[in-house]
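First to last, the protein sequences are chains A and B.
237 is the number that the working numbering gives to position 237 of the first sequence; each next residue is one higher, with no gaps.
18 is the number that the working numbering gives to position 18 of the second sequence; each next residue is one higher, with no gaps.
What the hints contain is simulated information worked out from the structure, not anything from laboratory work.
Predicted model only: the values in this text are computed from it and were never measured.
Check each hint, because a few of them may be wrong.
Under the rule of at most 25 Å between Cα atoms (straight-line distance), these lysine to aspartate or glutamate pairs were calculated in the DMTMM-like manner [stated by the list, open to error]:
#1 A:176 <-> A:196
#2 A:217 <-> B:251
#3 B:82 <-> B:70
#4 A:209 <-> A:179
#5 B:288 <-> A:239
#6 A:209 <-> B:70
#7 A:209 <-> B:248
Just a few of them, taken from the derived set where beta-carbon distance is under 10 Å, the chain B residues facing chain A [what the hints assert, rightly or not]:
#8 18
#9 21
#10 25
#11 154
For glycine and all other residues, C-beta sits at the position ideal for the given N, C-alpha and C.
Letter by letter, the chains look like this.
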Amino acid sequence: MPASTVHSSETARLKNYFASTHWSVVLKAGRNDTTCADDALAKLCQTYWFPLYAYVRRNGRSPEDAKDLTQGFFARLIEQQTLANADPKRGRFRSFMLGAMNHFLADEQAKQQTLKRGGGQILFSLDWAAAEERFDLEPADHASPDKAFDKQWAAALLGAVLNQLAEEYRRDGKAKLFEALKVTLNGPRESQPYSELASSLHINEGAVKVAVHRLRKRYRALLQAEIESTVASQDEAKEEMRHLFEVLTG
Amino acid sequence: MDAIRHCPSCGKPLAPNAPMGLCTACLMEAGFPSGTESETGNPAQPRPPSFTPPQPGDLARRFPQLEILELIGQGGMGAVYKARQKELDRVVALKILPPGVGDAAFAERFAREAKALARLNHPGIVTIYEFGNSNGLFFFLMEYVDGATLRQVLQAGPLSPREALAIVPAICDALQYAHDQGIVHRDIKPDNILLDRRGRTKVADFGLAKLMESGSEDSQFEAAVPGASSTMTRSNKMLGTPQYMAPEQVEHPTAVDHRADIYALGVVFYQMLTGELPGQRIEPPSRKVQIDVRLDEVVLRALEKNPALRYPQAGALKTDVETIAMTEQRSSAPPRFPQSAIAEHSAIQWLARLLPATGGEPTERASRIQAVETHIVLPIRFLFVALLCYYFFFAHWFDTPGALSGSDWPLKHATMLKEIFVAYALLSIALGTTLIWSRQLSLQKILRIVFAMGITDGAMLGVLTFLTEGFGSELYWVFLALVARNAVAIPVALPQLLLNFLVSLAFLTGGLLAARVGGALEENSWNGEPSERMIVLVAWSLWCYGIQWLFEKQKRAESEAIVSPRDRNG
Numbered sequence: 001m002p003a004s005t006v007h008s009s010e011t012a013r014l015k016n017y018f019a020s021t022h023w024s025v026v027l028k029a030g031r032n033d034t035t036c037a038d039d040a041l042a043k044l045c046q047t048y049w050f051p052l053y054a055y056v057r058r059n060g061r062s063p064e065d066a067k068d069l070t071q072g073f074f075a076r077l078i079e080q081q082t083l084a085n086a087d088p089k090r091g092r093f094r095s096f097m098l099g100a101m102n103h104f105l106a107d108e109q110a111k112q113q114t115l116k117r118g119g120g121q122i123l124f125s126l127d128w129a130a131a132e133e134r135f136d137l138e139p140a141d142h143a144s145p146d147k148a149f150d151k152q153w154a155a156a157l158l159g160a161v162l163n164q165l166a167e168e169y170r171r172d173g174k175a176k177l178f179e180a181l182k183v184t185l186n187g188p189r190e191s192q193p194y195s196e197l198a199s200s201l202h203i204n205e206g207a208v209k210v211a212v213h214r215l216r217k218r219y220r221a222l223l224q225a226e227i228e229s230t231v232a233s234q235d236e237a238k239e240e241m242r243h244l245f246e247v248l249t250g
Numbered sequence: 001m002d003a004i005r006h007c008p009s010c011g012k013p014l015a016p017n018a019p020m021g022l023c024t025a026c027l028m029e030a031g032f033p034s035g036t037e038s039e040t041g042n043p044a045q046p047r048p049p050s051f052t053p054p055q056p057g058d059l060a061r062r063f064p065q066l067e068i069l070e071l072i073g074q075g076g077m078g079a080v081y082k083a084r085q086k087e088l089d090r091v092v093a094l095k096i097l098p099p100g101v102g103d104a105a106f107a108e109r110f111a112r113e114a115k116a117l118a119r120l121n122h123p124g125i126v127t128i129y130e131f132g133n134s135n136g137l138f139f140f141l142m143e144y145v146d147g148a149t150l151r152q153v154l155q156a157g158p159l160s161p162r163e164a165l166a167i168v169p170a171i172c173d174a175l176q177y178a179h180d181q182g183i184v185h186r187d188i189k190p191d192n193i194l195l196d197r198r199g200r201t202k203v204a205d206f207g208l209a210k211l212m213e214s215g216s217e218d219s220q221f222e223a224a225v226p227g228a229s230s231t232m233t234r235s236n237k238m239l240g241t242p243q244y245m246a247p248e249q250v251e252h253p254t255a256v257d258h259r260a261d262i263y264a265l266g267v268v269f270y271q272m273l274t275g276e277l278p279g280q281r282i283e284p285p286s287r288k289v290q291i292d293v294r295l296d297e298v299v300l301r302a303l304e305k306n307p308a309l310r311y312p313q314a315g316a317l318k319t320d321v322e323t324i325a326m327t328e329q330r331s332s333a334p335p336r337f338p339q340s341a342i343a344e345h346s347a348i349q350w351l352a353r354l355l356p357a358t359g360g361e362p363t364e365r366a367s368r369i370q371a372v373e374t375h376i377v378l379p380i381r382f383l384f385v386a387l388l389c390y391y392f393f394f395a396h397w398f399d400t401p402g403a404l405s406g407s408d409w410p411l412k413h414a415t416m417l418k419e420i421f422v423a424y425a426l427l428s429i430a431l432g433t434t435l436i437w438s439r440q441l442s443l444q445k446i447l448r449i450v451f452a453m454g455i456t457d458g459a460m461l462g463v464l465t466f467l468t469e470g471f472g473s474e475l476y477w478v479f480l481a482l483v484a485r486n487a488v489a490i491p492v493a494l495p496q497l498l499l500n501f502l503v504s505l506a507f508l509t510g511g512l513l514a515a516r517v518g519g520a521l522e523e524n525s526w527n528g529e530p531s532e533r534m535i536v537l538v539a540w541s542l543w544c545y546g547i548q549w550l551f552e553k554q555k556r557a558e559s560e561a562i563v564s565p566r567d568r569n570g
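Working from the sequences, and respecting the hints, build out all of it.
Put into structure tokens, the structure is as follows:
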């Protein structure tokens with residue numbers, strides 16, 4: 001999965017991911033230029049760069065341009081020029097990033113100097129080749145670019161959560177269990193009946209039920225935490241989750 | 001990777017960016033706290049089921065004895081057709097479960113459960129005529145109800161409280177009957193409540209939720225049939241519609257008892273009354289719509305999160321609802337019935353007890369009493385205070401200018417004050433009347449209430465007249481004191497008429513005493529010192545509040561005495 005290649009090198013850093021990367025922390029620290037906020041922001045960006053890249057591509061830029069623009073965008077973000085303008089009241093990382101990107105694109109277009117800013121500068125080792133491949137695979141979506149961005153965003157968010165979950169299971173030596181049970185996250189009693197899962201895992205059916213229950217519970221907790229890390233308040237987290245769900249189903 | 005993969009759960013094409021090959025929409029859905037889906041606004045709106053019901057033509061081959069007329073509904077648990085039994089020439093409803101639901105074990109359980117369901121024979125329950133398995137297609141042949149589902153009715157617009165109060169007892173009857181037979185519905189929702197053209201209510205799909213759920217849990221799906229399992233899962237998700245599910249049903253779907261049905265009925269009831277589903281913090285329905293506040297208690301009790309606190313039986317809920325429905329109807333008829341909506345107001349309760357037909361149970365809570373009193377009693381009191389003020393002060397003084405000798409103050413301020421009082425009066429009339437009539441009180445009853453309160457306020461005004469004759473220029477203070485006194489004294493219940501008189505008498509005595517003191521002060525040429533006048537006013541107020549406090553204490557004791565027998569019964 002391309003999604004996991006991006007993150008596979010990140011697994012170690014994901015350990016403390018949820019403890020430190022709170023969007024509200026970034027917001028609060030925004031004006032104080034602390035390294036903590038930088039770090040938190042970098043991690044958020046690491047998770048959500050692809051939606052931005054796809055958004056730029058969808059705006060009609062060539063892969064090369066998109067790559068440069070995305071890099072440039074991050075460069076500016078890290079320089080804190082954009083972050084200083086973040087309004088904590090409008091609290092969502094997603095909206096903020098989209099707004100900032102729109103702003104950035106308009107800016108860059110006016111300047112016609114995309115290559116100067118951030119061009120060639122490697123901030124993150126992002127998998128650009130995989131990104132383009134992924135982008136090509138996207139079905140021709142007639143949704144608005146904004147909506148497409150939100151969809152990508154949701155996918156990136158879920159990807160990060162799943163990776164975190166997988167990492168936790170791997171750490172506990174239960175990688176195989178996770179592999180077997182992850183399909184159950186897609187719905188209760190998914191394609192494989194519990195009995196089948198039980199025989200493939202050599203445990204009894206009751207134990208499968210318990211394991212599935214735990215997996216789902218942990219997954220929910222991580223997803224909540226991840227969403228909360230991109231918004232300013234708990235209320236907004238609920239709202240954000242609902243929004244993303246609607247985007248995905250709509 | 002050209003072949004587009006589909007999510008086995010929701011059937012949508014999988015996006016290539018699907019993390020770990022899982023469907024994003026389903027993943028996000030799985031993230032919602034399972035127990036509170038309804039509370040978070042239920043993002044998981046039922047999507048169209050992936051199961052495609054067979055065409056009537058296809059079914060005709062399977063059911064030669066039937067003439068399949070039309071598809072009348074479909075949901076997660078199958079599809080329903082209108083059909084005619086050729087030999088009997090009887091219109092029936094044919095319900096088929098999604099194809100490929102189960103194996104031999106399911107078939108066995110289906111037969112067992114269906115037999116139990118078919119034994120349910122009650123006018124409020126859709127009767128099952130026949131059931132079986134036609135080449136792997138499980139079906140029920142049921143009574144055809146010519147009408148609409150409650151959902152359809154609710155979609156057309158909200159129900160009047162009266163209609164809701166007629167429907168709920170019928171559902172309770174059906175539930176109580178089934179519960180007595182040991183059958184729990186487990187999926188009470190507006191879609192399963194049918195209203196026929198003659199206004200009868202019938203509950204459909206008893207026990208189907210359990211059948212379907214246990215079927216999917218314990219048996220294996222026919223793996224050979226692609227899509228069979230996903231169909232089942234899909235329908236599974238639709239089971240026990242989250243918005244109507246009791247908390248314990250979410251937690252332990254297999255271990256619920258009949259009280260889960262009572263919870264679901266509570267949700268339906270709430271929805272009928274308010275047009276909305278109860279939110280995370282359940283707002284009493286009477287805050288949203290104009291209904292008898294006693295219904296709040298009924299709805300909230302049905303919606304208790306802890307099953308032990310709910311109505312123990314559907315029959316108990318029915319009794320409460322019927323009591324309210326009956327007394328509400330009666331209250332619009334001539335008086336002598338204490339159990340009207342206005343009985344919330346304790347003063348009126350006491351009044352009501354003087355009347356011959358006492359009894360019944362005030363079910364309201366203190367806060368609600370206060371709300372009602374604030375909204376109904378306050379305006380009326382203001383009305384009376386305003387009117388009495390007007391007559392006592394202005395009419396009296398204008399007619400006897402001698403009382404004002406040497407002072408022209410009332411003439412200076414009279415116009416303004418008069419306007420204020422008149423405005424109060426008009427506002428009170430409008431507000432009070434609207435509120436009272438919206439609660440369907442008889443005119444006679446209104447007059448009684450008004451009379452009872454008028455006596456108290458009138459007496460107080462008399463006191464004030466005494467007082468202010470000495471302190472003419474304190475009219476402002478008097479006015480303020482009146483407003484304050486009314487504001488503070490609103491929640492105070494004034495027991496019986498007799499007690500009302502006693503209160504008035506006490507006020508008068510206090511007033512006279514105060515007037516004496518005031519007069520003495522005046523004679524001692526303390527007149528003109530605002531602080532002394534204030535002392536008198538404060539003393540008078542304390543006297544009044546002291547008496548009121550005593551009555552309030554008694555009121556509390558009495559209302560506890562009223563409420564406790566009911567609690568014991570409950």
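Hint check results:
1. A:176 <-> A:196: At roughly 15 Å apart (the allowed maximum being 25 Å), residue 196 of chain A and residue 176 of chain A satisfy the hint.
2. A:217 <-> B:251: Roughly 12 Å separates the two Cα atoms, so the pair holds.
3. B:82 <-> B:70: holds, 5 Å
4. A:209 <-> A:179: Answer holds: residue 209 of chain A to residue 179 of chain A is near 15 Å, not above 25 Å.
5. B:288 <-> A:239: holds, 24 Å
6. A:209 <-> B:70: Violated, at about 41 Å.
7. A:209 <-> B:248: Holds, because 18 Å separates the two Cα atoms, which is no more than 25 Å.
8. 18: holds, 7 Å
9. 21: Constraint on residue 21 of chain B satisfied, holds at 7 Å.
10. 25: holds, 4 Å
11. 154: violated, 23 Å
Consistency with the previously given hints fails for numbers 6 and 11, ordered from lowest to highest.
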